[in-house]
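Residue numbers (my numbering), protein chains in the order written: chain A, 1 to 369; chain B, 1001 to 1267.
Simulated from the structure, these hints should not be mistaken for lab results. Here the structure is a predicted model, which means the values were calculated and not measured. Among the hints, a few may not be true.
Examples of chain A residues toward chain B, derived with CB under 7 Å [said to hold, decoys possible]:
(1) Phe52
(2) Phe81
(3) Pro88
(4) Asn89
(5) Phe304
(6) Ser315
Computed list of lysine-lysine pairs in BS3-like fashion (alpha-carbon distance at most 25 Å, straight line) [said to hold, decoys possible]:
(7) Lys17(A) / Lys1062(B)
(8) Lys74(A) / Lys1092(B)
(9) Lys17(A) / Lys1121(B)
(10) Lys167(A) / Lys112(A)
(11) Lys107(A) / Lys65(A)
Simulated coverage check for chain A against chain B, where a stretch passes if three residues somewhere in it have a Cβ under 8 Å from a Cβ of chain B [stated by the list, open to error]:
(12) 56–64
(13) 95–102
C-beta: ideal position from N, C-alpha, C; glycine also.
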Amino acid sequence: MPYLELQGLERDFGTVKALDGIDISLGEGEFLSLLGPSGCGKTTALRLVAGFDRPDAGTIVVDGKDVTRVAPNKRDMGMVFQAYSLFPNMTARQNVEFGLRVRGQDKPDRRKRVDDLLELVGLAHAGDRYPHQLSGGMQQRVALARALAIEPRVLLLDEPLSALDAKVRVQLREEIRRIQLELGITTLYVTHDQEEALSVSDHVAVMYRGRIEQMGAPAEMYSAPATPFVAEFIGTMNRLEGTVVDPGAGTVDTGGRTITVEAARGKPRGARVLVLVRPETVQVAAANGAGGNTLTGEVLTHTFLGPVTRLRILSGEASLIADMPTARAAALPPGSKVDASLPSDEARLLDLTEEALPEIGEEPGPADR
Amino acid sequence: MRTRRRIAPSAAVWLLLGAAYFLLPLLATFLFSLRQLQTGHCCTVASYTWVIHNSEFWQTLKLSVELALETIAVSLVIFVPTVYWVHLKVPKLRAVLAFMALIPFVVPPIVLVVGLLNFYKGSPTWFYGQPWGFLVAAYVILAFPYMFFSLDSGFRAIDVHTLTEASQSLGASWPRTLLTVILPNIRAAALAGSFLTLAIVLGEFTIANLSLFHTFPIYLQYVNETQAYAAGATTLVSFGITWAAMLSLLFIGRKRGQRAAFIGGAR
Chain A
1 MPYLELQGLE RDFGTVKALD GIDISLGEGE FLSLLGPSGC GKTTALRLVA GFDRPDAGTI
61 VVDGKDVTRV APNKRDMGMV FQAYSLFPNM TARQNVEFGL RVRGQDKPDR RKRVDDLLEL
121 VGLAHAGDRY PHQLSGGMQQ RVALARALAI EPRVLLLDEP LSALDAKVRV QLREEIRRIQ
181 LELGITTLYV THDQEEALSV SDHVAVMYRG RIEQMGAPAE MYSAPATPFV AEFIGTMNRL
241 EGTVVDPGAG TVDTGGRTIT VEAARGKPRG ARVLVLVRPE TVQVAAANGA GGNTLTGEVL
301 THTFLGPVTR LRILSGEASL IADMPTARAA ALPPGSKVDA SLPSDEARLL DLTEEALPEI
361 GEEPGPADR
Chain B
1001 MRTRRRIAPS AAVWLLLGAA YFLLPLLATF LFSLRQLQTG HCCTVASYTW VIHNSEFWQT
1061 LKLSVELALE TIAVSLVIFV PTVYWVHLKV PKLRAVLAFM ALIPFVVPPI VLVVGLLNFY
1121 KGSPTWFYGQ PWGFLVAAYV ILAFPYMFFS LDSGFRAIDV HTLTEASQSL GASWPRTLLT
1181 VILPNIRAAA LAGSFLTLAI VLGEFTIANL SLFHTFPIYL QYVNETQAYA AGATTLVSFG
1241 ITWAAMLSLL FIGRKRGQRA AFIGGAR
């Protein structure tokens, strides 16, 4: 039975439809990330669950109870905010204690609970410090302990790591996941960072223009994107527009160059399709004209990414990206003629509709305040 | 090794000129107040003895201090929740409030008092005939710009939305959020508004005079007209008492609010 359900949530801000019918169902103790670009409505959805805003339509059900019209201070939702939100006039300990004081808990119980939580987030030594005496990462840890102190029914995290530097971000996201698993708390996490979402979640919901494009396990989202937007947003993807020329053999014409894609078998002849290929599956070698399913082109640029180097290859009008081990990439400097071999069984295929392919970028709007 | 920062000669000159501008009148008043009533020669503390033993001095000063404290309390009760709500829920109204706050600067006190006297003419005597009724109502209007702009800057310095939502998500009600989360973090702004209000009320003459209330500035004016040396002593004693009141407010505020003094650093 689902623990948290969002049913048909809609929210308009003037003429902007921030949420256009969101349906989410989450089991108890599960971790769901709402992932999407700015303005996609993910923060709006989170704020509706927290009770800071009311939906124009739809319901929010927690543990079988409709909480859509319940005031935020009666919902028992623990929230960690994007901005540093510790109360500046209180120490870390007093911040964590705040929710327990509001609930009128006895002092000895409060003290023990606060000690346990500060220990849990690794800040037992910093309880008497004020927020200005804590680093950004420490402040967010205290904010997490504060949100957990009230034993919330759902933990809501609104891009809690976005203000932190890269190393702390990775460290803290792993800690959030550890604590979430340890406490078994149902968690809704908002982020625009796909790596963050994929690495800590049980489920990921990719949002775009107020709708959920696809929801599933992280591996599924990466390997089997259901829409061009998801394909573009999750990871890096080569997109080749083409037309099915031989449904039996699975061949697709991509602007004068024919490639074989297993997924194209059985598609109607002449169907417009989008071939999706991950950069790490593209095999690159010096051009020798041999081998099948290859596109010949010229290396334009090298981008050093540590263990791998990303090559941008121009093949006719098509631009391809391929990742290869850095040690081997040196042999194919910019300007080299290469053969890029596409894996026919690993390439994904999407039907290309008349609708223009989405461009991912900033979309100003009230959806993300 | 630490190097001592030297003050540039030109800066020292301007500093001295500035200090002289403020201190010379005080010094002159002090020297004047030491003159003997009969001969006009220096030096005697008779005027100070007279002031300290004058019951009317203490009565009017007590009344003005009480009026100031009442004005501060009423202003804080009205304006803190109002400015908080405007910042949180209707930020567009901030400009309207800021405009309204300028009105007491534009309308001369004499016009204000005539208007208020007419407006409150039919009100009960306990309000209309008492300084803590009518006068405080007028002083709240006079203090509005000072209180509003002080509080406004305080609310701008904190993340009102996030602090409020964090407090609410932890189960706190609106009053609890205002009193335990918001108010301690705008304490410095509230104190600044309170100082200005205290100073305005302790020195307000026109409204009290025209509405026939015997406050400290009225008494001061009376002494000034009748006893020149004593007026100097009265002025300096009241000056000292006002400063002492301000410093004690500051001290109390600092002691309780020193933890909140780092708001900016925490964000």
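Status of the hints after comparison with the structure:
no., hint, in the structure
1, Phe52, "6 Å, holds"
2, Phe81, "5 Å, holds"
3, Pro88, "4 Å, holds"
4, Asn89, "4 Å, holds"
5, Phe304, "36 Å, violated"
6, Ser315, "50 Å, violated"
7, Lys17(A) / Lys1062(B), "61 Å, violated"
8, Lys74(A) / Lys1092(B), "29 Å, violated"
9, Lys17(A) / Lys1121(B), "54 Å, violated"
10, Lys167(A) / Lys112(A), "31 Å, violated"
11, Lys107(A) / Lys65(A), "31 Å, violated"
12, 56–64, "violated (count 0)"
13, 95–102, "holds (count 3)"
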